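S.K.: Taken in sequence, the protein lines are chains B and V. If you read the first sequence in the working numbering, its first letter stands for residue 1155, the second for the next number, and so on. If you read the second sequence in the working numbering, its first letter stands for residue 1155, the second for the next number, and so on.
Don't take each hint at face value.
Quick list of in silico lysine-lysine cross-link-like pairs, DSBU-like style, CA-CA up to 35 Å [to be verified]:
1. 1313(B) / 1356(V)
2. 1297(B) / 1350(V)
3. 1350(B) / 1280(V)
4. 1280(V) / 1356(B)
5. 1280(V) / 1297(B)
6. 1356(B) / 1164(V)
7. 1164(B) / 1280(B)
8. 1350(B) / 1350(V)
9. 1356(B) / 1363(V)
10. 1376(B) / 1164(V)
11. 1313(B) / 1164(V)
12. 1350(B) / 1164(V)
13. 1363(B) / 1356(V)
Beyond 10 Å from chain B on every Cβ pair, some chain V residues (computed) [unchecked claim]:
14. 1205
15. 1241
16. 1313
17. 1398
To give an idea of the interface, some chain V residues facing chain B are shown, with a C-beta separation under 7 Å as derived from the structure [as the list claims (entries may be wrong)]:
18. 1361
19. 1376
20. 1379
21. 1382
22. 1391
23. 1403
Hints listed in this document are in silico derivations from the structure and should not be mistaken for laboratory results. Being a predicted model, the structure only gives us computed values, none of them experimental. Glycine included, C-beta positions come from ideal geometry on N, C-alpha and C.
There are 2 protein chains.
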Amino acid sequence: MQEPITAQFKPITVAIDAMGGDLAPQAVITGALDAARGLPDIQVVLVGDEAIVRPLMAQGNPPANLTIRHASQVIDMCDAPSAAIRQKRDSSIAVGMRMVRDGEAHAFVSAGNSGAMMAAATLVLKLQPGIDRPAIAAPFPTKTGYLVMLDAGATMDCKPSNLLQFAHLGNAYARAVMERPLPRIGLLSVGEEPTKGDELTKDTHALLKTSGLNFVGNVEPKEMARGEVDVVVCDGFVGNLMLKAGEAYGSMPMELIKTTLSQTLLRRLAAALLRPAFREVKKQFDYSQYGGALLLGVNGIVVIGHGRSTHFAIENAIRLGARAAAHGLVAPVTSNGAPTDSRGAES
Amino acid sequence: MQEPITAQFKPITVAIDAMGGDLAPQAVITGALDAARGLPDIQVVLVGDEAIVRPLMAQGNPPANLTIRHASQVIDMCDAPSAAIRQKRDSSIAVGMRMVRDGEAHAFVSAGNSGAMMAAATLVLKLQPGIDRPAIAAPFPTKTGYLVMLDAGATMDCKPSNLLQFAHLGNAYARAVMERPLPRIGLLSVGEEPTKGDELTKDTHALLKTSGLNFVGNVEPKEMARGEVDVVVCDGFVGNLMLKAGEAYGSMPMELIKTTLSQTLLRRLAAALLRPAFREVKKQFDYSQYGGALLLGVNGIVVIGHGRSTHFAIENAIRLGARAAAHGLVAPVTSNGAPTDSRGAES
């Protein structure tokens, strides 16, 4: 174990996996260049094969706050997560995660194999004290902005105690990253009454009522769409399906409108007039503006990007990691692995 | 017990709960009038308080194939389902369900208390042999038409054997009601690989592979939206959330577009030109065109309508019940309660 890091060490450093994502390395390098230029006070470190990364980075006229950390191996999308982490010890994901563990970076961002990211985070950073399973905290659009939903896919089978822990993690996230002083916590269910839902939900409802959190009760998707809560808690199977349903069905009316629109000349003209309005709406549903989702429950800040991340998404993922670090979302680890600050998981 | 009914008994008779739904009795009576006029070969029976129903029906100049069955009580939305069924033995829901049990109707339709409908169906009609839990089969829009998803909310906590039974019920539904000769059955999960999902999904995947059904594997919401399957199987908690997420998030871009559209005069003009296109799209997401969902797994045809059913939705719910009856979705019961025809649950 390295020396303990402190919350005060400067500048904030974000490591980014240069090799992860469908459009890597080019989109990652462009996104990192943009982030480094836009955030001159932070340090951005591209983690990947120097022979590949350096020439691409050089073309972009890199600023001084963008550097490279060499990693000779790559975990690709078809690698089995746990095995890959054990076998490819010099992969960009393993190296980036160790940088967080060892205090060389405040946050690690990757749009690569998300299973490998979760395995590496759990193995290298370890779970926070009092947390039995990790959770992915994903931004979810509402009519007025966004909320955070967790778990969005890290833990498929949950117990009520896991969901209670997720509520605490989401509470800390909403306070630090979304800057909501008293986050409203909702439990995803099929009706508002505490008796509605499956056994897991009903048992969790009882735990949340006495949790000391600002628990507003069960919420259905319509309350989510209206933005009536800041944090929505559910198991990783349901959360991942909700995210995917939002993507698939949220974009469907737009696509249908476009098909219908192209049917007559008059409508095509009208559609041209409306193009800016369509663009504004599409933006609200565009994952890339959020950058990525945070993996919560581990001793460090880990951002999981969308596999199809563009350079714009990468830039925003780096910004998300930097923001979480600046607000002290996860307390820095001490040499015995305990948080030095109570603000992280349970505040 | 009455005499056994046969599949040949004519005409097809659909009983409809005159007292159920937010807009009852007026919307129900109007919908029943429209259905009776549009389907002169079937018999429609309004079940409810004759003193209330007859004058409203008389105003509509009823055709001969629309009649009334008196029921003196009403189960309202705040009644506890099981208790209400036992206590209000002359409620419209109890009377309508007994009409199906006793061979006086092929199908019963209600937009009232759906919990009471499920309780009454299970108590009065009983579960089909080989079925341990009922399932709601709900139509779900796709880019090209619709698929059927089950369970959409009848059974919150499922075992793999329940989901296997739902797959057989959905298969029979798709063959009879959707007229797909070899329905493609998908299992809702968070990835295509059999190893993806929660324990319930992984265990169910193994059962479906050897079920003899046309099982195409796991499907995610994007494959549902593309219409790549005819039947999607999941537990009632997840299915109900998917339905509600589709409603909440499917309509969100439309609402956002409308808000954005009204911002400038030019856009308002363009929007006026596009109104018909918006209307076409909205129709695809409108539950009322489907009429309702079938409760499967019981010895009879039961249609559960949306609480907010309009007369148009009621008319379509009656059509759905008649279509299911005409295609022999559920085998008629014999006096010992066993199906006389293997086509129902397991074909």
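S.K.: For the pair supplied as a hint, residue 1164(B) and residue 1280(B), is the alpha-carbon distance within the 35 Å limit?
M.R.: holds (24 Å)
S.K.: Is the straight-line distance between the alpha-carbon of residue 1350(B) and that of residue 1164(V) 35 Å or less?
M.R.: Judged against 35 Å, a Cα distance of about 41 Å means the pair is violated.
S.K.: Does residue 1391(V) pass the interface check with chain B, least Cβ-Cβ distance below 7 Å?
M.R.: holds (4 Å)
S.K.: With a cut-off of 35 Å on the C-alpha distance, tell me whether residue 1297(B) and residue 1350(V) pass.
M.R.: holds (31 Å)
S.K.: Starting from residue 1280(V), check that the Cα of residue 1356(B) is at most 35 Å away, please.
M.R.: holds (27 Å)
S.K.: Is residue 1350(B) within 35 Å of residue 1280(V), Cα to Cα?
M.R.: holds (24 Å)
S.K.: Does the claim that residue 1313(V) lies outside the interface with chain B hold up, using a Cβ gap greater than 10 Å?
M.R.: Residue 1313(V) is indeed farther than 10 Å from all Cβ atoms of chain B, at 12 Å.
S.K.: Against chain B, with CB atoms and a cut of 7 Å, does the hint on residue 1379(V) hold up?
M.R.: Given a least distance of 4 Å, the restraint on residue 1379(V) holds.
S.K.: Within 35 Å, alpha carbon to alpha carbon, are residue 1350(B) and residue 1350(V)?
M.R.: holds (27 Å)
S.K.: Minimum C-beta separation from residue 1398(V) to chain B exceeding 10 Å: can you confirm that?
M.R.: Its Cβ does come within 10 Å of chain B, the nearest being 4 Å, so this is violated.
S.K.: Should the label of residue 1241(V) as a non-interface residue stand, given a Cβ cut-off of 10 Å to chain B?
M.R.: holds (19 Å)
S.K.: Is the straight-line distance between the alpha-carbon of residue 1376(B) and that of residue 1164(V) 35 Å or less?
M.R.: Not satisfied, since the Cα-Cα distance of roughly 43 Å exceeds 35 Å.
The structure shown violates the earlier hints numbered 5, 6, 10, 11, 12, 17, 18, 21.
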